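Could you put together the complete structure from these sequences and hints?
There are 10 protein chains.
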Amino acid sequence: MLFMLHIDLTVPHHFTPEQTNDLRQRENAHALELIQQGTLLRIWRVVGTHSNYSLWSASTLEVLHATLAGLPMFPYLKIQVNPLIDHPLATACTSAA
Amino acid sequence: MLFMLHIDLTVPHHFTPEQTNDLRQRENAHALELIQQGTLLRIWRVVGTHSNYSLWSASTLEVLHATLAGLPMFPYLKIQVNPLIDHPLATACTSAA
Amino acid sequence: MLFMLHIDLTVPHHFTPEQTNDLRQRENAHALELIQQGTLLRIWRVVGTHSNYSLWSASTLEVLHATLAGLPMFPYLKIQVNPLIDHPLATACTSAA
Amino acid sequence: MLFMLHIDLTVPHHFTPEQTNDLRQRENAHALELIQQGTLLRIWRVVGTHSNYSLWSASTLEVLHATLAGLPMFPYLKIQVNPLIDHPLATACTSAA
Amino acid sequence: MLFMLHIDLTVPHHFTPEQTNDLRQRENAHALELIQQGTLLRIWRVVGTHSNYSLWSASTLEVLHATLAGLPMFPYLKIQVNPLIDHPLATACTSAA
Amino acid sequence: MLFMLHIDLTVPHHFTPEQTNDLRQRENAHALELIQQGTLLRIWRVVGTHSNYSLWSASTLEVLHATLAGLPMFPYLKIQVNPLIDHPLATACTSAA
Amino acid sequence: MLFMLHIDLTVPHHFTPEQTNDLRQRENAHALELIQQGTLLRIWRVVGTHSNYSLWSASTLEVLHATLAGLPMFPYLKIQVNPLIDHPLATACTSAA
Amino acid sequence: MLFMLHIDLTVPHHFTPEQTNDLRQRENAHALELIQQGTLLRIWRVVGTHSNYSLWSASTLEVLHATLAGLPMFPYLKIQVNPLIDHPLATACTSAA
Amino acid sequence: MLFMLHIDLTVPHHFTPEQTNDLRQRENAHALELIQQGTLLRIWRVVGTHSNYSLWSASTLEVLHATLAGLPMFPYLKIQVNPLIDHPLATACTSAA
Amino acid sequence: MLFMLHIDLTVPHHFTPEQTNDLRQRENAHALELIQQGTLLRIWRVVGTHSNYSLWSASTLEVLHATLAGLPMFPYLKIQVNPLIDHPLATACTSAA
Chain A
1 MLFMLHIDLT VPHHFTPEQT NDLRQRENAH ALELIQQGTL LRIWRVVGTH SNYSLWSAST
61 LEVLHATLAG LPMFPYLKIQ VNPLIDHPLA TACTSAA
Chain B
1 MLFMLHIDLT VPHHFTPEQT NDLRQRENAH ALELIQQGTL LRIWRVVGTH SNYSLWSAST
61 LEVLHATLAG LPMFPYLKIQ VNPLIDHPLA TACTSAA
Chain C
1 MLFMLHIDLT VPHHFTPEQT NDLRQRENAH ALELIQQGTL LRIWRVVGTH SNYSLWSAST
61 LEVLHATLAG LPMFPYLKIQ VNPLIDHPLA TACTSAA
Chain D
1 MLFMLHIDLT VPHHFTPEQT NDLRQRENAH ALELIQQGTL LRIWRVVGTH SNYSLWSAST
61 LEVLHATLAG LPMFPYLKIQ VNPLIDHPLA TACTSAA
Chain E
1 MLFMLHIDLT VPHHFTPEQT NDLRQRENAH ALELIQQGTL LRIWRVVGTH SNYSLWSAST
61 LEVLHATLAG LPMFPYLKIQ VNPLIDHPLA TACTSAA
Chain F
1 MLFMLHIDLT VPHHFTPEQT NDLRQRENAH ALELIQQGTL LRIWRVVGTH SNYSLWSAST
61 LEVLHATLAG LPMFPYLKIQ VNPLIDHPLA TACTSAA
Chain G
1 MLFMLHIDLT VPHHFTPEQT NDLRQRENAH ALELIQQGTL LRIWRVVGTH SNYSLWSAST
61 LEVLHATLAG LPMFPYLKIQ VNPLIDHPLA TACTSAA
Chain H
1 MLFMLHIDLT VPHHFTPEQT NDLRQRENAH ALELIQQGTL LRIWRVVGTH SNYSLWSAST
61 LEVLHATLAG LPMFPYLKIQ VNPLIDHPLA TACTSAA
Chain I
1 MLFMLHIDLT VPHHFTPEQT NDLRQRENAH ALELIQQGTL LRIWRVVGTH SNYSLWSAST
61 LEVLHATLAG LPMFPYLKIQ VNPLIDHPLA TACTSAA
Chain J
1 MLFMLHIDLT VPHHFTPEQT NDLRQRENAH ALELIQQGTL LRIWRVVGTH SNYSLWSAST
61 LEVLHATLAG LPMFPYLKIQ VNPLIDHPLA TACTSAA
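Residue numbers (the working numbering), protein chains in the order written: chain A, 1 to 97; chain B, 1 to 97; chain C, 1 to 97; chain D, 1 to 97; chain E, 1 to 97; chain F, 1 to 97; chain G, 1 to 97; chain H, 1 to 97; chain I, 1 to 97; chain J, 1 to 97.
Just so you know, the hints here were simulated from the structure itself, not pulled from any lab data. All of these numbers come straight from a predicted model, not from anything done at the bench. One should not assume that every hint holds.
[What the hints assert, rightly or not] Dumping the calculated EDC-like pairs for lysine to aspartate or glutamate here, alpha-carbon to alpha-carbon at most 20 Å: (1) Lys78(B) to Glu27(B); (2) Lys78(F) to Asp8(H); (3) Lys78(A) to Asp8(D); (4) Lys78(G) to Asp8(G); (5) Lys78(H) to Glu62(J); (6) Lys78(D) to Asp8(F); (7) Lys78(D) to Asp8(D); (8) Lys78(G) to Glu27(G); (9) Lys78(I) to Asp8(G); (10) Lys78(J) to Asp8(A); (11) Lys78(C) to Asp8(C); (12) Lys78(E) to Glu62(C); (13) Lys78(E) to Glu62(E); (14) Lys78(E) to Asp8(E); (15) Lys78(F) to Glu62(F); (16) Lys78(J) to Glu62(J); (17) Lys78(C) to Glu27(C); (18) Lys78(A) to Glu62(A); (19) Lys78(A) to Glu27(A); (20) Lys78(B) to Asp8(B); (21) Lys78(I) to Asp8(I); (22) Lys78(F) to Asp8(F); (23) Lys78(B) to Glu62(B); (24) Lys78(I) to Glu62(I); (25) Lys78(B) to Asp8(I); (26) Lys78(A) to Asp8(A); (27) Lys78(C) to Glu62(C); (28) Lys78(G) to Asp8(E); (29) Lys78(C) to Asp8(B); (30) Lys78(D) to Glu27(D).
[Stated by the list, open to error] Covered, in the sense of this in silico footprint (three residues per stretch, anywhere, with C-beta under 8 Å from a C-beta of chain F), are these stretches of chain E: (31) 7 to 15; (32) 24 to 33; (33) 79 to 87.
[Stated by the list, open to error] If you only want the chain A side, here are some residues facing chain C, beta carbon under 7 Å, derived: (34) Glu62; (35) Val63; (36) His65; (37) Ile85.
The C-beta atom is built at its ideal place from N, Cα and C for all residues, glycine as well.
Written as structure tokens, this is what we have:
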């Protein structure tokens, strides 16, 4: 199953640069594992913002939630989950790629 | 350049089923051409809605606008254009794919 | 998989009472089939409104979308899909029931 | 009487992990009692968020308010209360279950 | 049980003055019955608008919904239902009245 | 003149329980005086929230503002003031009461 | 008593220019009477819009509502009523004028 | 040129009463000067709120901005600037006053 | 004086293509005059939408309003007027150009 | 490529005047470089607010994002990026200038 997520990050203003950097490094390391597992398929940054769009694959909703709740930045994220299906034109996209 | 679009379709209620079907067929034929040209890269339907997310590639903003304005359904679409860049983790995504 | 849907119905004002009644009967007959298939688990009306909450089970997102898009009232519905997982307290709920 | 609640939790960022854990444990213990009393009928977590939907039964509005105001997390909750009635199709749901 | 309702009326622009008057008369006659039954306790118009606040008493949510759905203007109303309980100061209000 | 007020209370999270209790006691004592003066006619709590609806009588807008600005909780309140007139059906309400 | 009103006008698109002109002339004639009575004190147009701000004086809320409901354009207006009191600096304004 | 401003004040909760009073006194003294200069023409408080409407005259936009940015409370204000022109009925208002 | 306008166009769905084209041609001819007069300084289309940003110069607010109200498309436009002043860095922009 | 940005600045209330001044100076120095590079073309302040509109040129979306993320005030900015194309009337604007 596919999900498009829109994620907004709000790092608390009272964080020191060290805390922010540490959080970011742990987040990236964790995300890298999710990519290698095939859970996090793609991720794009929205220009000029602290937001991103990302495409996730998960076999169940329980797996998706556990994955997101395990992100080091989870307490600071606002996540919108859009369940997706292939558009009727999706096959054409794949064969064109 | 990459763009994530969120598109909502509102077909006027007074359309006959024939008008709706005709519009839909012309839209799909047009979209197919855009896929084959490499302009429309991916398209997903949001479950339970008349909305979709789609990923577009365009060499210039002029090309992107002309492409969207040329869609047969353009007068009935509400389009939100999100300019994207690769997330620092994008390379990992590609090599994992 | 479970989904909580919030659905708003807007019947066009120009519908005749006969059209509205016919639509309603076809919708109910269709919903009854979905209940018997175990797809539509529960449905509640929000007091004083034309909205309802409903709990759905679907094996895949494709099945869920096809089911919703097949509703006779689909063109007149605004559907919000909330993917759900069991809360840690869910087992207690079930054993208390 | 039935009520569908949508609850958003915002734990203050200055809470220590110990304070958060303690709050969570007291909330869960309290919720367990409400389940055993038949007040809290069902509870689902919305995937990827700190929100949940829950179905409550209360004999009066006074009982419902007193129950919610007694939750240890009440000062940190944003609660939307939707009064519900059975949908005309509810009987079919129950007999199908 | 008490409920505060905020109701917005939108009469379709294509109604003739006769249709509007007829609707208004049937609505008022119906509301008068609800007042005499003790269901509709108080009603106030919000200055300068087509909205009103009203205070309702109903023994069950089913009765409240059936009452509202039976209003001749129901298809043209946007109703927000606020379940109420007495404020701790309510007794003082009553004895002061 | 009558006014329906919708009031939301947000006690700052850094308040100690003693500060909150003290504030609440002063607010209630003050409100009690307003009830006895016939300024605050009725007050209802919205179930599950920190909000209330209340009905006020004031001879002038200056009196109403001075009364509200004098509430001990005024700095923490978000107040929406709805000027009301009797609905054409109001007489029926009163005679039915 | 003083009130600041923000009024948005939406003339239905299906009106003929004659209907629109006729409505506008009746509205202006009516407003002129209200000005001469001292009810409508000032009126300003918001640049580039179909909205205006206006300052009204009314001895009671009933008079204000009856006045607004009597405007020929009332069915096409969205009116926001802001009850006002003199700011502590108002006297300085008047004596400076 | 005329401008209608809607201004919301949010004094930070951590201000001491002394800080708030001092700020208020400096704001009032400054506003008084602006009144005497003919820049701030009228000011009204919105009943029950920390907001006000005010009417300003400025020969240029630069003067208006410099004036507002010079207010001691400027960092705590949310200002909405509505450029105004005289309504066609304005002359009648003036001659009636 | 400078103003940044954000304009949304909504052509009614019942317009024929001829009506739409005629409207568009008259709008463009009119806009061309405004450009030649130095009133409309710049205009940009927002990619993928029926909206545009435009920069206007007007000696008074009356001139600006009369100009906008004279646009053939004015009844179908939603216009947001932002009064602007030069940013402290504006001189650097000009000399860099 | 052209982009219209709407930027809102929220300096944290706990900043000392020295911190705010230092931030502002670094921001201005940085913006000056961007102007000299031809990246930041124009910038206007919205009257009475802490917001501005600005026109940017960037050869790629990556360059635009890197530029914005490098602003000293970036953590305190809310940026809305509007991709622009020339309006059909743009040539007339340029030749009129």
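Against the structure, test the hints numbered earlier, and report the numbers of the ones violated in rising order.
Going through the list in order, the structure violates hints 5, 12, 31 and 35 and respects the others.
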